[in-house]
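Asker: Here's the letter readout for the chains.
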Amino acid sequence: MARAVSTRRMLVLTAIGWTIGLVLFFPIVWTILTSFKTEGEAIASPPSFLFFNWTLENYAEVQSRSNYLKHVMNSVVISLGSTALALAIAIPAAWAMAFSPTRHTKDVLMWMLSTKMLPPVGVLIPIYLMFRDTGLLDTRLGLVIVMTLINLPIVVWMLYTYFKEIPADILEAARMDGASLRNEILFVLAPMAVPGIASTVLLNIILAWNEAFWTLNLTAANAAPLTAFIASYSSPEGLFWAKLSAASTLAIAPILIMGWFSQKQLVRGLTFGAVK
Amino acid sequence: MATLHTRSVARAMMAPSVLLLLAWMAVPLAMTLYFSFVRYNLLMPGSLEWIGFLNYSFFLTDPAFGTALVNTLRLVGGVLLITVVGGTFLAILLDQPFFGQGIVRILTIAPFFVMPTVSALVWKNMLMHPVYGLFAWLARTFGLQPLDWLASVPLFSVTLIVAWQWLPFATLILLTALQSLDEEQKEAAQMDGARAPSLFFYIVLPHLARAITVVVLIETIFLLSVFAEILVTTNGGPGYDSTNLTYLVYAQALLQFDVGGASAGGIVAVILANIVAIFLVRLIGKNLET
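Top line first, the protein sequences correspond to chains A and B.
Taken in order, the first sequence gives residues 54 to 329; the numbers are from this note's numbering.
Taken in order, the second sequence gives residues 12 to 301; the numbers are from this note's numbering.
Treat the hints as calculated values from the structure; they're not laboratory data.
Just to be clear, a hint being listed does not mean it is correct.
Reference listing, derived: stretches of chain B covered by chain A, where coverage requires no fewer than 3 residues with Cβ under 8 angstroms from a Cβ of chain A [unchecked claim]:
hint, segment
1, 26-36
2, 39-53
3, 71-84
4, 116-126
5, 229-243
6, 258-271
7, 287-297
Glycine included, each C-beta is placed from N, C-alpha and C at the ideal position.
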């Protein structure tokens with residue numbers, strides 16, 4: 054009897070769950086579908102959901118209309134470059150704070166966290182003017198710098214919480230066994246640190262790829278990554294929904310896939326370890 | 012074990028991060044503060060003239076500021092309401108076993124990974140367009156008058172778009188918190204005859220309280236700075252109907268070139284965000300000790 058009830062409960066939950074899931078996911082599905090339509094079909098009413106002439110022409114046109122690949126490259130360079138730079142700066146700091154903490158470590162961490170809470174408009178104007186005067190406006194380098202700095206607190210924090218979980222005893226043990234410092238780092242610490250660093254990298258790439266305040270304000274035609282490039286489709290002249298959809302689908306696909314792999318890390322990274 | 016040597020090595024390892032962040036935060040912030048007290052318009056080059064609090068009094072008495080402040084609070088409040096209530100519901104749902112639960116979780120979380128400009132444009136055009144949008148078609152199908160979302164209810168439309176983006180965040184965090192709830196405690200309550208509502212209000216909700224606080228504070232920090240969604244959908248309009256504080260400062264600086272006035276606005280935004288930040292920092296700091 055109890056079993057029958059729980060099966061019915063399960064079916065009801067399945068129906069509710071799938072309905073909500075599909076509704077929330079619908080705008081993404083709709084974007085993907087529209088990217089395979091002609092412009093005419095994209096605005097057809099009633100809309101065609103699956104039975105239309107599937108075409109790839111939008112994907113070809115997105116590239117020929119404006120140099121789409123250039124903007125893809127900008128996104129790649131900016132997100133990977135800033136992630137690498139942030140890691141190089143943050144790993145030593147997080148390492149020091151996790152393995153030789155002082156009584157100030159906590160204050161430093163909290164202060165770093167507080168910099169993340171500074172609203173970007175508070176510093177937009179000086180940064181804009183400095184970039185203008187130094188020729189960094191609309192350059193990849195400029196955005197790599199900004200992206201590194203805005204994500205640095207999150208990177209330090211995430212690495213710190215991961216490094217904290219590496220037991221210090223294991224270092225003692227390795228030392229007892231006569232491991233040199235080099236071997237200790239290479240064979241004992243590094244393998245344990247890698248998963249944490251990998252998660253941090255993943256989250257940071259996602260954040261940098263989707264960042265849209267600084268990219269919109271500091272780039273124009275040259276260094277615009279996909280976030281800023283897609284925004285150029287908001288111009289009112291003409292309806293280019295199919296092309297907009299094709300450009301959007303390509304822009305969100307890699308991050309969507311990475312995001313699904315990093316759900317757990319996302320919680321840790323964005324709550325600064327407050328929820329585990 | 013921390014000898015003088017290791018301590019100075021540790022300090023050297025931390026120095027780059029600390030110094031860079033200090034430069035990134037302190038230098039521009041000091042400049043903004045300075046600009047907020049001078050007359051400085053990019054269209055009128057010349058010496059910067061100290062004018063005291065004039066920028067502030069202009070900015071704060073401008074009717075646009077009042078509108079933007081109210082819009083900011085309504086946007087943040089609206090998104091928080093939708094994401095916290097919806098997120099709690101979704102988290103509880105996703106915590107139950109059902110067929111394809113893992114796939115549904117992936118579908119639910121997906122919107123968070125869509126870049127803001129894409130989600131804003133997809134909603135603006137393909138869903139909310141008054142003639143060709145899907146919502147308009149749905150309305151006509153049910154014999155209703157299609158709504159011109161972004162023209163007639165601009166702030167509500169932006170709230171919907173932003174809520175769609177942040178619902179996964181709330182869900183994910185509340186789900187994580189829910190999964191740490193002691194099953195035995197729940198079972199014990201059920202054995203004692205607790206029904207679903209009392210189980211929710213006396214056991215689940217108190218357990219989630221902390222996570223909900225974290226969601227509210229972190230979302231508030233980000234939502235005070237919503238920008239891209241407004242820029243590509245409404246440009247703050249019609250009039251100032253969907254202008255928030257962030258967008259107002261942007262418009263003042265980069266569209267009207269009034270550096271002084273915009274800087275005063277920036278400082279006001281910083282103060283507002285700090286009020287929230289103080290609570291968040293305390294909460295996380297407490298967690299760090301345990």
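Asker: Hint by hint, say whether it matches the structure.
Answerer: So, going through the hints one by one against the coordinates:
no. : hint    : result
1   : 26-36   : holds (count 7)
2   : 39-53   : holds (count 5)
3   : 71-84   : violated (count 0)
4   : 116-126 : holds (count 11)
5   : 229-243 : holds (count 8)
6   : 258-271 : holds (count 5)
7   : 287-297 : holds (count 7)
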